[in-house]
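Sequences listed follow chains A and B, in order. For the first sequence, this note's numbering begins at 1 and goes up steadily by one. For the second sequence, this note's numbering begins at 294 and goes up steadily by one.
Just so you know, the hints here were simulated from the structure itself, not pulled from any lab data. Please read all numbers here as calculations on a predicted model, not as lab measurements. One thing to keep in mind: the hints can contain errors.
If you anchor each label on the Cβ, the simulated ranges turn out as follows [claimed, not checked]: (1) A:GLN129 <-> B:PRO451: 46 to 54 Å; (2) A:ASP281 <-> B:ARG466: 39 to 47 Å; (3) B:PRO345 <-> A:PRO95: 34 to 42 Å; (4) B:PRO482 <-> A:GLY52: 53 to 61 Å; (5) A:GLN129 <-> B:PRO555: 21 to 29 Å; (6) A:PRO95 <-> B:PRO555: 23 to 31 Å.
DSSO-like, lysine-lysine: derived pairs with alpha carbons at most 30 Å apart [claimed, not checked]: (7) B:LYS370 <-> B:LYS309; (8) A:LYS140 <-> B:LYS532; (9) A:LYS153 <-> A:LYS175; (10) A:LYS153 <-> A:LYS140; (11) A:LYS204 <-> A:LYS130; (12) A:LYS153 <-> A:LYS130; (13) A:LYS153 <-> A:LYS280; (14) B:LYS464 <-> A:LYS130; (15) B:LYS532 <-> A:LYS130; (16) A:LYS140 <-> A:LYS59; (17) A:LYS280 <-> A:LYS59; (18) A:LYS175 <-> A:LYS140; (19) B:LYS370 <-> B:LYS313; (20) B:LYS306 <-> B:LYS370; (21) B:LYS464 <-> B:LYS532; (22) A:LYS153 <-> A:LYS45; (23) B:LYS309 <-> B:LYS368; (24) A:LYS204 <-> A:LYS140; (25) A:LYS175 <-> B:LYS558; (26) B:LYS532 <-> A:LYS153; (27) B:LYS316 <-> A:LYS140; (28) A:LYS175 <-> A:LYS45; (29) B:LYS309 <-> A:LYS153; (30) B:LYS532 <-> A:LYS204; (31) A:LYS59 <-> A:LYS204; (32) B:LYS306 <-> A:LYS130; (33) B:LYS306 <-> B:LYS316.
Using N, Cα and C, we set each Cβ at its ideal position, and we do this for glycine too.
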Amino acid sequence: MTMDATRIASTTNVDMEATGVRVPNTPQDAHPRNPEDANVHLETKDVHIWFGQRLIIEKVNLSFPENSVTALIGPSGCGKSTFIRTLNRMHEFIPGAALAGQILYDGQDIYDAQVDPVDIRVQIGMVFQKPNPFPTMSIKENVLSGLHLAQIKYENPDEIVRNCLERASLWTEVKDRLNASASSLSGGQQQRLCIARSLAVNPKVLLMDEPCSALDPGSTRRIEGTIKELSQEMTIVIVTHNMAQAQRVSDYTAFFLAEEGAPAQVVESGRTDEIFMRPKDPRTNDYVNGLFG
Amino acid sequence: MTITLDKPINSIKPPKPWAKRNKSTVVNNAIAVILPTVVLGILFFTTEIPGPVLVVVVFFPLQLLTAGVTSFMDKGKRGIGDSLLSVGCVSAFGLVVALLGSVVLSVIARGLPAMKFNFLFQNNIYISPTTELTYGGIGHALLGTLLVVFIASIIAVPLGIASAIYITDIKGRAAGFVRFMVQAMSGVPSIVAGLFIFAAIILTDVVGFSAIAGGLAYAILMLPTVARTAEEVLRLVPKEVRDAAVALGSSRARVTMRIVLPTAKTGLITAVVLGVARIIGETAPLLLTTSNANNTNLNPFRDPVSTIPVYIFQYLGSGYQTSIQRAWGAALVLLLAVTILFALTRYLSRNKKGNV
Chain A
1 MTMDATRIAS
11 TTNVDMEATG
21 VRVPNTPQDA
31 HPRNPEDANV
41 HLETKDVHIW
51 FGQRLIIEKV
61 NLSFPENSVT
71 ALIGPSGCGK
81 STFIRTLNRM
91 HEFIPGAALA
101 GQILYDGQDI
111 YDAQVDPVDI
121 RVQIGMVFQK
131 PNPFPTMSIK
141 ENVLSGLHLA
151 QIKYENPDEI
161 VRNCLERASL
171 WTEVKDRLNA
181 SASSLSGGQQ
191 QRLCIARSLA
201 VNPKVLLMDE
211 PCSALDPGST
221 RRIEGTIKEL
231 SQEMTIVIVT
241 HNMAQAQRVS
251 DYTAFFLAEE
261 GAPAQVVESG
271 RTDEIFMRPK
281 DPRTNDYVNG
291 LFG
Chain B
294 MTITLDKPIN
304 SIKPPKPWAK
314 RNKSTVVNNA
324 IAVILPTVVL
334 GILFFTTEIP
344 GPVLVVVVFF
354 PLQLLTAGVT
364 SFMDKGKRGI
374 GDSLLSVGCV
384 SAFGLVVALL
394 GSVVLSVIAR
404 GLPAMKFNFL
414 FQNNIYISPT
424 TELTYGGIGH
434 ALLGTLLVVF
444 IASIIAVPLG
454 IASAIYITDI
464 KGRAAGFVRF
474 MVQAMSGVPS
484 IVAGLFIFAA
494 IILTDVVGFS
504 AIAGGLAYAI
514 LMLPTVARTA
524 EEVLRLVPKE
534 VRDAAVALGS
544 SRARVTMRIV
554 LPTAKTGLIT
564 AVVLGVARII
574 GETAPLLLTT
584 SNANNTNLNP
594 FRDPVSTIPV
604 YIFQYLGSGY
614 QTSIQRAWGA
624 ALVLLLAVTI
634 LFALTRYLSR
644 NKKGNV
């Protein structure tokens, strides 16, 4: 355990550190108490983010365990979306963006000079806040577009399309009109199409930046179901403003907060049930109980 | 006032309660429309004052006045601004339509006598300024114009779109400079473009007067139009769409080639057509680069070639009746060519969903 991991553990699990007792993982409990104790897939170490000269995010140390869902919560404008974009190197496209610290994917810093960002983005997929299917392509072409764009060879396009649409729980609605334009779908369907499109390139991690913020409750529920199912096979990081959603879909939660005039920090992180039921930090308690934000 | 539905709902015309007018409004509107027209008519037939003067000095101010007064009576102060703006806009629109219409009509009226079958398909060999209109034509000039415009397009379109991509997608270090140069280029007078090609490649004996020289001069004029329009269009491709492509593991080149350009396809076609429309009637650069010819010359690399604008220029100044008619006929052909071009673009860029 590194210094940083110890520090984050000490803020989240004061009681256990103090007693020196580790709660063993029971068979029913697939997700251990500490993200660090699970099979960590993606990890950030001392991540600082700037826009121009302005420090936006300070010293974020988070672990994202394999095959789990981690929710990033916090008030608007505290940099959750900015942070999630650093996890697959989308951050660097913003003019003036800067970054310090490490982001380790299977132990490899994704910002190392020899790492090709294109490879990273194939393995760490992303679903955006606003549904953004390619407007000139059909539903089927949209699903396969990632394979073409990333130049991945494939066989059985029909099978891939079906498989991805089924996993994104869109198949039954569109199976008879796969050649229709993607813009003919409703907002919720478009978002599920975007999820299916991300799945086609077989990512190991899926980043979701408020995927349901533009959708109605019905579509939201279906996407949450999809997230739950996908988490059996991939690691998911989701930014959400919806506290109830974070509780429904996530195994772990990290609470971001920017105090007035200061850069955002992670106030508390850990198992979702503990963050919501037994928050350690009074600010977390106030936020999850709707007292501010 | 509400509309009572005493009849079965499916037997009536769907009502539009907002379209109702008071009787006084109807009367006021009628006065505002009829009075100035009647005054204009009376003055036109009873006095010697020319029509255009009457329209500007009497009709327009009177129309503004009546519209202002009647709408003040109708709606009070708020009405005046509305009505003056309406009258101003409709008048401006009418003026533009009248100007454009008179250009088109005079070209059609004077060009029609020359429009014989032979006019489109024969060339100008053995034709003297007084030869009857049943012999000779502008076939050679039509082909020449197509050739020169084609050469200009294959040079200016790829360069223009490439520089637009450089500015919007690659965002290279020199993007601002390229943008500035493109804007500066669009201010180059057409004769300067011709003069430049004349000095650069004709005086230096690289080629003689030829279609390629004309095409190069045209390309200088076409490039900024294509580049600026393409830049505008590429900017319209949503950032979200580009983000999606990048997040799927696409290289920058593939984002541009497979996502941005297809999304902007119809807009890019418009950029090309605007570029062609910009150059197709330009005469000055061709006088210095293609010169003129009476025969059909399809070799782009040597010998002068005739083009429609130069043909018009040559024949309009000749002073002979039939020659002037030929010039008007050529002008009509050019007008039709541009119209067909625009119609074609409209057809090609029918607003399919999802395209910019």
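Hints, one by one, checked against the model:
Evaluation of the 46 to 54 Å hint for A:GLN129 and B:PRO451 yields a failure: the beta carbon distance comes to about 36 Å. Separation of A:ASP281 from B:ARG466 is about 46 Å and conforms to the stated range, judged on CB atoms against 39 to 47 Å. The hinted window of 34 to 42 Å between B:PRO345 and A:PRO95 is violated, with their beta carbons roughly 56 Å apart. In this structure the hint that B:PRO482 and A:GLY52 lie 53 to 61 Å apart at CB is violated, the actual value being about 43 Å.
At roughly 24 Å, the beta carbons of A:GLN129 and B:PRO555 sit within the given window of 21 to 29 Å. Between A:PRO95 and B:PRO555 the Cβ separation comes to about 26 Å, which falls inside the hinted range of 23 to 31 Å. Between the alpha carbons of B:LYS370 and B:LYS309 the distance comes to roughly 26 Å, so the proposed pair stays at or under 30 Å and holds. With a C-alpha separation of about 22 Å, the suggested pairing of A:LYS140 with B:LYS532 holds against the 30 Å cut-off.
Distance check on the hinted pair: A:LYS153 and A:LYS175 sit about 24 Å apart at the alpha-carbon level, within 30 Å; holds. Of the supplied pair hints, the one linking A:LYS153 and A:LYS140 holds, its CA atoms being roughly 16 Å apart against a limit of 30 Å. Taking the CA atoms of A:LYS204 and A:LYS130, the gap is near 22 Å; set against the 30 Å cutoff, the hint holds. Between A:LYS153 and A:LYS130 the CA atoms are separated by roughly 29 Å; this keeps the pair inside 30 Å, and the hint holds.
Restraint check for A:LYS153 and A:LYS280: not satisfied, since their Cα atoms lie roughly 49 Å apart, outside the 30 Å limit. A distance of roughly 24 Å separates the Cα atoms of B:LYS464 and A:LYS130; the hinted pair therefore holds under the 30 Å criterion. In summary, the hint linking B:LYS532 to A:LYS130 is supported, as the alpha carbons are separated by about 11 Å, within the 30 Å threshold. A distance of roughly 42 Å separates the Cα atoms of A:LYS140 and A:LYS59; the hinted pair therefore is violated under the 30 Å criterion.
Distance hint between A:LYS280 and A:LYS59 is fulfilled; the C-alpha atoms sit about 19 Å from each other, no more than 30 Å. Distance hint between A:LYS175 and A:LYS140 is fulfilled; the C-alpha atoms sit about 10 Å from each other, no more than 30 Å. Simply put, B:LYS370 and B:LYS313 have alpha-carbon atoms about 21 Å apart, close enough for the 30 Å limit, and the pair holds. For the suggested pair B:LYS306 and B:LYS370, the alpha carbons sit about 35 Å apart, so the restraint of at most 30 Å is broken.
For the proposed pair B:LYS464 and B:LYS532, the alpha carbon gap of about 14 Å is at most 30 Å, so the pair holds. Annotation: proposed proximity of A:LYS153 to A:LYS45 is violated, straight-line Cα distance about 35 Å (limit 30 Å). Among the hinted pairs, B:LYS309 with B:LYS368 is consistent with the structure: their alpha-carbon atoms are about 21 Å apart, no more than 30 Å. For the proposed pair A:LYS204 and A:LYS140, the alpha carbon gap of about 22 Å is at most 30 Å, so the pair holds.
The hinted pair formed by A:LYS175 and B:LYS558 meets the criterion: a straight-line CA distance of about 28 Å does not exceed 30 Å. Under the criterion of a C-alpha separation no larger than 30 Å, the hint pairing B:LYS532 with A:LYS153 is consistent with the structure, at around 27 Å. Proposed proximity of B:LYS316 and A:LYS140 is contradicted: the alpha carbons are some 59 Å apart, above 30 Å. Restraint check for A:LYS175 and A:LYS45: not satisfied, since their Cα atoms lie roughly 44 Å apart, outside the 30 Å limit.
Taking the CA atoms of B:LYS309 and A:LYS153, the gap is near 59 Å; set against the 30 Å cutoff, the hint is violated. About 25 Å separates the Cα atoms of B:LYS532 and A:LYS204, which keeps this hinted pair within 30 Å; it holds. A C-alpha spacing of about 25 Å is found between A:LYS59 and A:LYS204, which places the hinted pair at or below 30 Å, so the restraint holds. Proposed proximity of B:LYS306 and A:LYS130 is contradicted: the alpha carbons are some 41 Å apart, above 30 Å.
Pair hint B:LYS306 plus B:LYS316 holds up; C-alpha atoms about 22 Å apart against a cutoff of 30 Å.
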